[in-house]
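Peer 1: Here is how the chains run, residue by residue.
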Amino acid sequence: MNFKLTVSQITRTAGGFTRAFGDMVYGASVYEIVRGLHKERSHLEHLFILIVFGDIVGIPVLPPYYTLRLLPYVVPNINGWKRSLLRERDLTDLCDQEIT
Amino acid sequence: MSMREVFDQNPNRRYIMYGGKGGLGKTTFSAATAYWLAKQGFKVLVFSVDPQASLSDIFKRDIFGKGPVEIMPNLFAQEIDADQRIREYQDEIRQKIRDMYGMTEIPEEIENYIQSVAAEPAMEESAIFDEVVDIVGSNEYDYYIYDLVPLGHALYYLSMASVYDQWIDKITGLRTEMEEYSKVANVMQRDKETEEDQILKELQFIKHRINVSSGILTDKLKTAFFFVVTPEEMIILDTKKASDLFAKFDVPLAGYIVNRVIPAELSGENIPAYLVNRMEMQTTYLKEIDEVFAGQVLARVPEFERDITGLPMIERVANEMFGGKK
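First to last, the protein sequences are chains A and B. Here the first sequence stands for residues 44 to 143, where the numbers follow our numbering. Here the second sequence stands for residues 74 to 399, where the numbers follow our numbering.
Heads up, a few of these hints could be off.
BS3-like mimics (lysine-lysine), calculated; alpha carbons at most 27 Å apart, straight line [to be verified]:
(1) Lys82(A) / Lys243(B)
(2) Lys139(B) / Lys82(A)
(3) Lys125(A) / Lys321(B)
(4) Lys243(B) / Lys125(A)
Which chain B residues face chain A? A few, computed with CB under 10 Å, are given here [said to hold, decoys possible]:
(5) Ile183
(6) Glu361
(7) Glu376
Keep in mind that the hints were calculated from the coordinates and are not lab data. For every residue, glycine included, the Cβ atom is placed at its ideal position computed from N, Cα and C.
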């Protein structure tokens with residue numbers, strides 16, 4: 044019984060090491076690329092909301108009828124989009140930073 | 074060729090439309106065509122796409138916002154209540170937001186947006202345009218007769234379809250690009266499951282609806298578009314311009330119907346100079362209509378002694394258009 048438990052503990056520890064090693068390799072190799080892709084997607088998401096729902100920040104956009112169908116899907120992103128669109132920008136924006 | 078021959082020779086043309094300037098008789102001819110087809114044994118729906126619809130007046134029945142109403146056996150009429158449609162649409166969106174995010178109250182900003190959209194100038198037309206997709210999509214009738222809006226508005230409908238189409242294409246392109254970024258990121262992260270982009274799905278749904286509606290307007294096999302014209306100089310000029318514009322949008326023109334022709338029999342009677350002058354003027358312009366729209370004039374409908382309301386009068390118009398009972 045004890046022996047079996049030890050084996051399962053060893054297996055778990057080995058699994059943890061493998062995962063940690065995998066994460067390390069991932070972090071050292073493609074992490075930056077994936078982050079860049081997500082960031083690019085988020086920029087496009089903001090552009091999309093601007094094109095479809097510009098009215099919310101006072102930019103007249105047509106046509107409105109079918110845009111309502113899309114509204115439920117952007118509800119969680121609207122505040123982030125407005126922050127990103129309306130925040131002040133300065134020279135430090137030229138550097139890579141996390142604020143969106 | 075006569076109106077009857079046009080219908081007999083093209084049984085696949087199930088969508089019938091009358092176009093022309095305001096007040097020339099589009100609603101009258103829509104109702105008369107519906108009446109005639111119903112009498113031939115076809116199940117017909119005549120519906121109005123005009124926010125200021127007058128089918129209720131011509132049939133002497135209040136049908137506004139009541140869905141398809143049976144006027145007589147085989148003949149149904151419908152007037153779309155655009156405001157009601159917009160209200161239902163807004164409620165549907167509110168409910169979807171509540172369901173998706175478990176909200177009891179819609180955030181103020183979102184609610185304001187939903188309400189402000191209803192006040193947009195093109196909202197009524199768009200709502201009707203959208204409901205037409207449901208009406209013709211039901212496939213319950215042999216014939217669908219559109220009681221169209223006056224010329225300018227009808228062109229607006231056509232151009233609206235192409236504007237919508239371009240808008241959808243543009244934002245679908247953007248959405249597809251976003252999807253690609255997500256896919257690549259998922260592959261790199263070894264995530265097997267990619268979340269389906271609901272917005273892209275909605276866009277494809279909207280595009281389908283727009284294509285159904287505009288596709289019918291330009292389908293040469295299934296649609297017949299008739300112009301209503303009266304023997305007056307300005308009307309002839311405007312109709313010529315409009316028919317050229319409609320041709321540019323690929324609307325299949327089936328022919329012209331001349332309305333309000335003063336009966337020639339009157340000339341033998343003792344009539345006042347006023348009427349004699351009107352008749353001479355009409356003779357000149359009827360000749361011009363035959364020249365300008367050579368070979369495409371399908372019927373001449375006389376001016377009646379009273380307005381066209383109620384089924385007996387509609388029957389008289391139908392007999393003039395289609396040449397009596399078969």
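Peer 1: So, as I understand it, the hint says Glu376(B) touches chain A; can you test that by seeing if any CB pair is closer than 10 Å?
Peer 2: violated, 40 Å
Peer 1: Checking hints one by one. Is Glu361(B) an interface residue toward chain A, by the C-beta closer than 10 Å rule?
Peer 2: violated, 40 Å
Peer 1: Given the proposed pairing of Lys125(A) with Lys321(B), does the C-alpha separation stay at or below 27 Å?
Peer 2: violated, 42 Å
Peer 1: Given Ile183(B) as an interface hint, is the shortest Cβ-Cβ distance to chain A below 10 Å?
Peer 2: For Ile183(B), the interface hint holds, since the closest Cβ of chain A sits about 6 Å away, which is under 10 Å.
Peer 1: Lys139(B) and Lys82(A): Cα distance at most 27 Å?
Peer 2: violated, 51 Å
Peer 1: Under the criterion that the straight-line Cα-Cα distance not exceed 27 Å, is the pair Lys243(B), Lys125(A) satisfied?
Peer 2: holds, 22 Å
Peer 1: Between the alpha carbons of Lys82(A) and Lys243(B), is the straight-line distance 27 Å or under?
Peer 2: Roughly 21 Å separates the two Cα atoms, so the pair holds.
Consistency note: the structure conflicts with the earlier hints numbered 2, 3, 6, 7.
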